[in-house]
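*Asks:* Working from the sequences, and respecting the hints, build out all of it.
2 protein chains.
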Amino acid sequence: MDASFDLQPVFEPDTIAVIGVSTSNLYNPGYIIFQRNLIIKGYSSRKVFGVNPRGGSIEGIDLHKSLFDIPKNIDLAVLCLKSSDTLPVFKDAIDLGVKGFIVISGGFAETGPEGKAIQDEMARLAIHHGLPLIGPNCVGVYNPSHVNTIIIPNERFVVPKSKGNMAIVSQSGGVLLDQFFCKNYERDIAISKAISLGNKAVLDEVDLLDYFEHDPATDVIGFYLEGFANQRGREFLLKSRETNKTIMLLKGGKSDRGMKAASSHTAAIASNEAVLDGALKQFSIINVNTEQELVAYVKAFSLFAGSNKPFFTNAFNGNIAIITVSGGHGVLSTDIAEKYHLDLVDFTDTEKEEIRAVLNPVVKGIAGLGNPIDLTGSCNDDDVVHVLEVLMKNPRVELVLLLILPYPPMLSMSLGSRIASVVRLHRKPMITYLPWLAKYEMIKEPLNEANIPVGNSIEEAILMAKAVQMKAMAMKRAKNNKIIDAREVLISDYQEFTRVLDEISKQREKKKRNVISDTDR
Amino acid sequence: MDASFDLQPVFEPDTIAVIGVSTSNLYNPGYIIFQRNLIIKGYSSRKVFGVNPRGGSIEGIDLHKSLFDIPKNIDLAVLCLKSSDTLPVFKDAIDLGVKGFIVISGGFAETGPEGKAIQDEMARLAIHHGLPLIGPNCVGVYNPSHVNTIIIPNERFVVPKSKGNMAIVSQSGGVLLDQFFCKNYERDIAISKAISLGNKAVLDEVDLLDYFEHDPATDVIGFYLEGFANQRGREFLLKSRETNKTIMLLKGGKSDRGMKAASSHTAAIASNEAVLDGALKQFSIINVNTEQELVAYVKAFSLFAGSNKPFFTNAFNGNIAIITVSGGHGVLSTDIAEKYHLDLVDFTDTEKEEIRAVLNPVVKGIAGLGNPIDLTGSCNDDDVVHVLEVLMKNPRVELVLLLILPYPPMLSMSLGSRIASVVRLHRKPMITYLPWLAKYEMIKEPLNEANIPVGNSIEEAILMAKAVQMKAMAMKRAKNNKIIDAREVLISDYQEFTRVLDEISKQREKKKRNVISDTDR
Numbered sequence: 001m002d003a004s005f006d007l008q009p010v011f012e013p014d015t016i017a018v019i020g021v022s023t024s025n026l027y028n029p030g031y032i033i034f035q036r037n038l039i040i041k042g043y044s045s046r047k048v049f050g051v052n053p054r055g056g057s058i059e060g061i062d063l064h065k066s067l068f069d070i071p072k073n074i075d076l077a078v079l080c081l082k083s084s085d086t087l088p089v090f091k092d093a094i095d096l097g098v099k100g101f102i103v104i105s106g107g108f109a110e111t112g113p114e115g116k117a118i119q120d121e122m123a124r125l126a127i128h129h130g131l132p133l134i135g136p137n138c139v140g141v142y143n144p145s146h147v148n149t150i151i152i153p154n155e156r157f158v159v160p161k162s163k164g165n166m167a168i169v170s171q172s173g174g175v176l177l178d179q180f181f182c183k184n185y186e187r188d189i190a191i192s193k194a195i196s197l198g199n200k201a202v203l204d205e206v207d208l209l210d211y212f213e214h215d216p217a218t219d220v221i222g223f224y225l226e227g228f229a230n231q232r233g234r235e236f237l238l239k240s241r242e243t244n245k246t247i248m249l250l251k252g253g254k255s256d257r258g259m260k261a262a263s264s265h266t267a268a269i270a271s272n273e274a275v276l277d278g279a280l281k282q283f284s285i286i287n288v289n290t291e292q293e294l295v296a297y298v299k300a301f302s303l304f305a306g307s308n309k310p311f312f313t314n315a316f317n318g319n320i321a322i323i324t325v326s327g328g329h330g331v332l333s334t335d336i337a338e339k340y341h342l343d344l345v346d347f348t349d350t351e352k353e354e355i356r357a358v359l360n361p362v363v364k365g366i367a368g369l370g371n372p373i374d375l376t377g378s379c380n381d382d383d384v385v386h387v388l389e390v391l392m393k394n395p396r397v398e399l400v401l402l403l404i405l406p407y408p409p410m411l412s413m414s415l416g417s418r419i420a421s422v423v424r425l426h427r428k429p430m431i432t433y434l435p436w437l438a439k440y441e442m443i444k445e446p447l448n449e450a451n452i453p454v455g456n457s458i459e460e461a462i463l464m465a466k467a468v469q470m471k472a473m474a475m476k477r478a479k480n481n482k483i484i485d486a487r488e489v490l491i492s493d494y495q496e497f498t499r500v501l502d503e504i505s506k507q508r509e510k511k512k513r514n515v516i517s518d519t520d521r
Numbered sequence: 001m002d003a004s005f006d007l008q009p010v011f012e013p014d015t016i017a018v019i020g021v022s023t024s025n026l027y028n029p030g031y032i033i034f035q036r037n038l039i040i041k042g043y044s045s046r047k048v049f050g051v052n053p054r055g056g057s058i059e060g061i062d063l064h065k066s067l068f069d070i071p072k073n074i075d076l077a078v079l080c081l082k083s084s085d086t087l088p089v090f091k092d093a094i095d096l097g098v099k100g101f102i103v104i105s106g107g108f109a110e111t112g113p114e115g116k117a118i119q120d121e122m123a124r125l126a127i128h129h130g131l132p133l134i135g136p137n138c139v140g141v142y143n144p145s146h147v148n149t150i151i152i153p154n155e156r157f158v159v160p161k162s163k164g165n166m167a168i169v170s171q172s173g174g175v176l177l178d179q180f181f182c183k184n185y186e187r188d189i190a191i192s193k194a195i196s197l198g199n200k201a202v203l204d205e206v207d208l209l210d211y212f213e214h215d216p217a218t219d220v221i222g223f224y225l226e227g228f229a230n231q232r233g234r235e236f237l238l239k240s241r242e243t244n245k246t247i248m249l250l251k252g253g254k255s256d257r258g259m260k261a262a263s264s265h266t267a268a269i270a271s272n273e274a275v276l277d278g279a280l281k282q283f284s285i286i287n288v289n290t291e292q293e294l295v296a297y298v299k300a301f302s303l304f305a306g307s308n309k310p311f312f313t314n315a316f317n318g319n320i321a322i323i324t325v326s327g328g329h330g331v332l333s334t335d336i337a338e339k340y341h342l343d344l345v346d347f348t349d350t351e352k353e354e355i356r357a358v359l360n361p362v363v364k365g366i367a368g369l370g371n372p373i374d375l376t377g378s379c380n381d382d383d384v385v386h387v388l389e390v391l392m393k394n395p396r397v398e399l400v401l402l403l404i405l406p407y408p409p410m411l412s413m414s415l416g417s418r419i420a421s422v423v424r425l426h427r428k429p430m431i432t433y434l435p436w437l438a439k440y441e442m443i444k445e446p447l448n449e450a451n452i453p454v455g456n457s458i459e460e461a462i463l464m465a466k467a468v469q470m471k472a473m474a475m476k477r478a479k480n481n482k483i484i485d486a487r488e489v490l491i492s493d494y495q496e497f498t499r500v501l502d503e504i505s506k507q508r509e510k511k512k513r514n515v516i517s518d519t520d521r
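Which chain is which? The protein sequence lines are L and Y, in order. Using the numbering used here, the first residue of the first sequence is number 1, and each one after it goes up by one. Using the numbering used here, the first residue of the second sequence is number 1, and each one after it goes up by one.
Simulated from the structure, these hints should not be mistaken for lab results. Here the structure is a predicted model, which means the values were calculated and not measured. Every residue gets a Cβ at the ideal spot worked out from N, C-alpha and C, and that includes glycine. Take these hints with a grain of salt, some might be off.
[Said to hold, decoys possible] With the C-beta cut set under 8 Å, the calculated list includes, among others, these residues of chain L facing chain Y:
(1) Ile152
(2) Cys182
(3) Tyr224
(4) Gly252
(5) Ser326
(6) His329
(7) Thr334
*Replies:* Here it is in structure tokens:
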């Protein structure tokens, strides 16, 4: 859709009508949505309206028998009706001047031609009137203190922490609730807004990208998509390139079950996916390959991204220094850093002496002064803090990775707080690893407060460092591109991207045919 | 060492002497170990003895001024002395008939020739007298209700859950405490015994493999090694092949920091590591590549392995069926299953009808009956349980992966308990994914109790399924090998393994030289 929709009524409605509210079934989507928005809007019968042809009331708030009985103008209508009952109500709502729609119910295009016809007619009307419509067949929209149409009973819903700077756009309600809400909750990641796109009858990923591009509360936009809406891949890529915000894409449906090929075939595909990864990079889209990458990147970006946190800028080479108190962690982190193409700075003898000079007498004699720097189990808070200060001042070190094992007895529970002070002073990106047990919370909390990402495994922490580097590179690339004709770059990039996609699908087709002929033999 | 040591005094000592116990420094290793073993042995002054030349007492138990003052025979002596003070005490202990040693202190071979001389003399004496010696420079041994010499202050120590069937052997104390103890604790994984090897002056990975091979409490042995003890790699591999227990190896130090080669070089190495992986497989060693694999495999093996749990046997083809209630999870799990070369069974029309027949009327019309089977958010407990029963009875399905999202309102908190009943009846391996929030514990706990692994991400669950397949394949391979000359197979395998190792190190050397000459240019 080329028309730009006003999404304010969807994300920040003053008045909400929930249509199709049961008074007896606690699992009825309409009931769940009505009741929850009453809480959000403060039980105001002038802000949230429920419609049930038989009337009744919920928690003291009367329902209306029809849309026409509602005494106020409605910003957002949330439709929870059978698909066959939806169209007449939808038309009434347009006539009444409703400004935005979320259609929760299923039974539309995903079920066959009959449902598709209803959906198409809804879409036609919405577009004709320039009205935003989310869904159908979705779990809806979440904006803390404004609206929440996510149809999970209260007791099961994981309330996201607010106020974050990450918006979530998901083609799957389950992935939204789980890989984003649940996992973000576990990691103390707060969000700004979230939306489940459902069938994308009208609004799709491009519209939401547009909206969040201009949303001051959002610095990072996380997408889960299984495919682009019809003819919209191109716009999505081009718009992604033009935004200053950080865009992540977890793409579902990369595999091809039909292709049961030998491992050599798989290797070919894997290498094509590396090319695809490179193509997405050209559009400044962070390609997310795994759930582990997702949580690591989300954490790093949501803490670091944003115009008021220019920590990134210089970390594009991926030159890191690692501090550890366990030799084994030093070894494992070296292995993982190499896997992700991060470089451990080789310290000169002078630099090593600078580090040695700040250590306590016992550790001075036994510390490993390579990179990783191994302070050993005999170190204390001062050793960690002083070495960190040395590294923060060293211009060759772009990012510090600190593996805080809370086992050495001389490391106190003040350590996190002291580290945070150093980072706030020097403003160089730092990533930490710390086991996430409740007993170590006194170290972790001050790091969270200081926007220092804390991974729950060495690999997660290193992926966070990788995220910083990727963002720094994207920013550098964007800056450099300004001096040449941006439009031309975009077009040639897009052609390259299309070429890669074509090639992959051709190869897959070919392999499918091979598999079939193998089977036939 | 070819001599076989009796490790009973180390792991199950009746009497323990801790030598070098401070009465004033709460962080002193001797103090920590003495005090904690008092708790374990029930504050019996006839079981745990502390030695401090100045005497004193701790929590009401008097210390002894010398080893010679101890009124009982000592099974295990734990030495926490300066390296320079260690040898005379060690000799006294041998004279007094002590049966086993753990030397906690550092300051030996890892610090230089002087320390190495002391260590070598200790080793010589221990071997001469046939006495087991752990360390020096280690955190020691953990055996619940018998002995715990791990030198972490109580408040920081994560007490592992017992009684498990997994033994841990680690070259790094930090990795033992963190990647094993902490992460196992988070995942409700109980352990049997654990040991940190330190400098391996006498006892090394081969001795411990020997010991745990004969330990009835242990079914699974997890190793973290950075290298094999001198000339011991061969024995380790051959012994691994001969055991019926499950052996996992997380190898630290795979990377080569010197080799800052281009990505094409890296790809070459990666492919060699795949060959190495294959070589380890020949020896029935599970090669663990990442922390995520470690926790997934540990969980799967510790729940499934063991002679009384023959769940594995038939899952060697990796033919799985996936049940989901979210389309997005179905898509993501398909992608990940392909990545790990697991095959989703293609259901015939008859099989699909069998599945459809057991669904409730609403779900019957909308469920996705491919593989993954998508029961949708409208399903209830009966749908999940009945489909699971159908799959358990289907001989083409070797393993069921159940993605339990607790969001659909009709899924009750009884679901985990009902699923566990089905699995106990049919005894086919099942792996689940379920978000690990406290509010969903009522589903998770009965699964844990029924030995059904619960992953905390889709990928973790799929890695658990992969673990089942790897184990089933190893068992099948071992069975087949019995009909040919096992010794011959072992030798040719070993030659192949050596060849691969040689090739990798040659290639690395070559690349190092290339890098140097590149730099020189």
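*Asks:* Going through the earlier hints one by one, which of them does the structure break, listed in rising order?
*Replies:* none
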